[in-house]
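A.B. asks: Taking my numbering, the leading residue of the sequence shown gets 4, the next gets one more, and so forth.
A couple of the hints might just be wrong.
To be verified - Think about it this way: if two alpha-carbon atoms lie no more than 27 Å apart in a straight line, the pair counts; the simulated DSS-like pairs of lysine-lysine are:
(1) K274 with K305
(2) K273 with K263
(3) K92 with K153
(4) K302 with K24
(5) K122 with K36
(6) K57 with K24
(7) K108 with K122
(8) K226 with K36
(9) K114 with K24
(10) K57 with K226
(11) K36 with K108
(12) K153 with K114
(13) K215 with K56
(14) K61 with K210
(15) K274 with K36
(16) K273 with K226
(17) K215 with K226
(18) K108 with K92
(19) K263 with K302
(20) K24 with K273
(21) K114 with K56
(22) K61 with K305
(23) K263 with K215
(24) K36 with K56
(25) K153 with K217
(26) K153 with K210
(27) K263 with K217
(28) K226 with K210
(29) K153 with K122
(30) K217 with K274
(31) K24 with K217
Since the hints were made in silico from the structure, they are not lab data.
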Amino acid sequence: MQITRLEDYLYLVDLETAGIKNFMASYILKGEKTAIIETGPASSIPNLLLGLKKLDIKPEEVAYVTLSHIHLDHGGGAGALIRHLPRAKVMVHPRGAPHLINPEKLWEQSKAVLGDITKIYGAPEPVPEGRVIPAVDGATIDVGNGIALKVVETLGHASHHVCYYEPLSNGIFTGDAAGIYLNTLDVIVPTTPTPFYLNVALDSLNKIMRLKPKFLYYSHFGKAEEAIEKLQTYVRQIRLWESIARQGIENGDSFEAIRKRIIERDDAVKKALEHLATHPILSETALGESLEGFIDFVKKEKSLLK
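Could you put together the complete structure from these sequences and hints?
C.D. replies: Written as structure tokens, this is what we have:
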């Protein structure tokens, strides 16, 4: 577990999920009160608690735990964490809240989709209903000393996804709305599992860009400068994937043929291929589940036009 100070009041905790560095980040805002952005999976909560201790943050000082969405790698640890934080409220999109309160269906669906990866993440624990607050578009939480977070609804990756805008640094906590940033390679790869809605995702990216952020704080992984350029790069990338998927479906190509064409045409994927192929989690999700999201989107769109 490694802590990086990004600003005087903002810290990145590398949760080192299953010992994997540079994969899952939790961010800690330290004002008069403390806010945590993303818990990571249940298996990472001991590392997050250790991070709080190293920053001399007492459990009762944490006022908010904010989630971009409820997928296990981002919010699966909320229930386990909240047991240690007596005053904290968990902020999540209203559509995600029922699955935090009763995570049984989320866990079963996650096992069906992710398979053995769920063993790495661990099972989510329930969050008491009275400790959940809605992350509605435009809502703001204030932790004092001029530090605040504003909710930005950013659907597409999931139907209950939000980002958080932090005005003091002019940064956005992206969740999965802006892809996976492989910071050691300085490339982005899509994170677009089924059901994925391209047009909604593009609207969300444009919404983020209208805020003109200076920094992006990726959950996967880390702080990135040149925020607008990176967002524009991601827009071009997911448009490319959609085009390749559409052409492949029209030609009757196999999944593997479409995947191969993406590797050939997407320079970022080409650059990241070795890293992705050997990664315990991204080897399964980055070029498999993400491509399935595009194929599903195109097929649904075509069926609506019939």
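A.B. asks: Look at each hint and say if it fits the structure.
C.D. replies: Here is what the structure says about each hint:
no., hint, in the structure
1, K274 with K305, "32 Å, violated"
2, K273 with K263, "10 Å, holds"
3, K92 with K153, "16 Å, holds"
4, K302 with K24, "36 Å, violated"
5, K122 with K36, "34 Å, violated"
6, K57 with K24, "18 Å, holds"
7, K108 with K122, "16 Å, holds"
8, K226 with K36, "22 Å, holds"
9, K114 with K24, "23 Å, holds"
10, K57 with K226, "21 Å, holds"
11, K36 with K108, "33 Å, violated"
12, K153 with K114, "32 Å, violated"
13, K215 with K56, "34 Å, violated"
14, K61 with K210, "36 Å, violated"
15, K274 with K36, "41 Å, violated"
16, K273 with K226, "23 Å, holds"
17, K215 with K226, "16 Å, holds"
18, K108 with K92, "22 Å, holds"
19, K263 with K302, "19 Å, holds"
20, K24 with K273, "21 Å, holds"
21, K114 with K56, "32 Å, violated"
22, K61 with K305, "54 Å, violated"
23, K263 with K215, "35 Å, violated"
24, K36 with K56, "15 Å, holds"
25, K153 with K217, "16 Å, holds"
26, K153 with K210, "13 Å, holds"
27, K263 with K217, "34 Å, violated"
28, K226 with K210, "20 Å, holds"
29, K153 with K122, "33 Å, violated"
30, K217 with K274, "25 Å, holds"
31, K24 with K217, "25 Å, holds"
Consistency note: the structure conflicts with the earlier hints numbered 1, 4, 5, 11, 12, 13, 14, 15, 21, 22, 23, 27 and 29.
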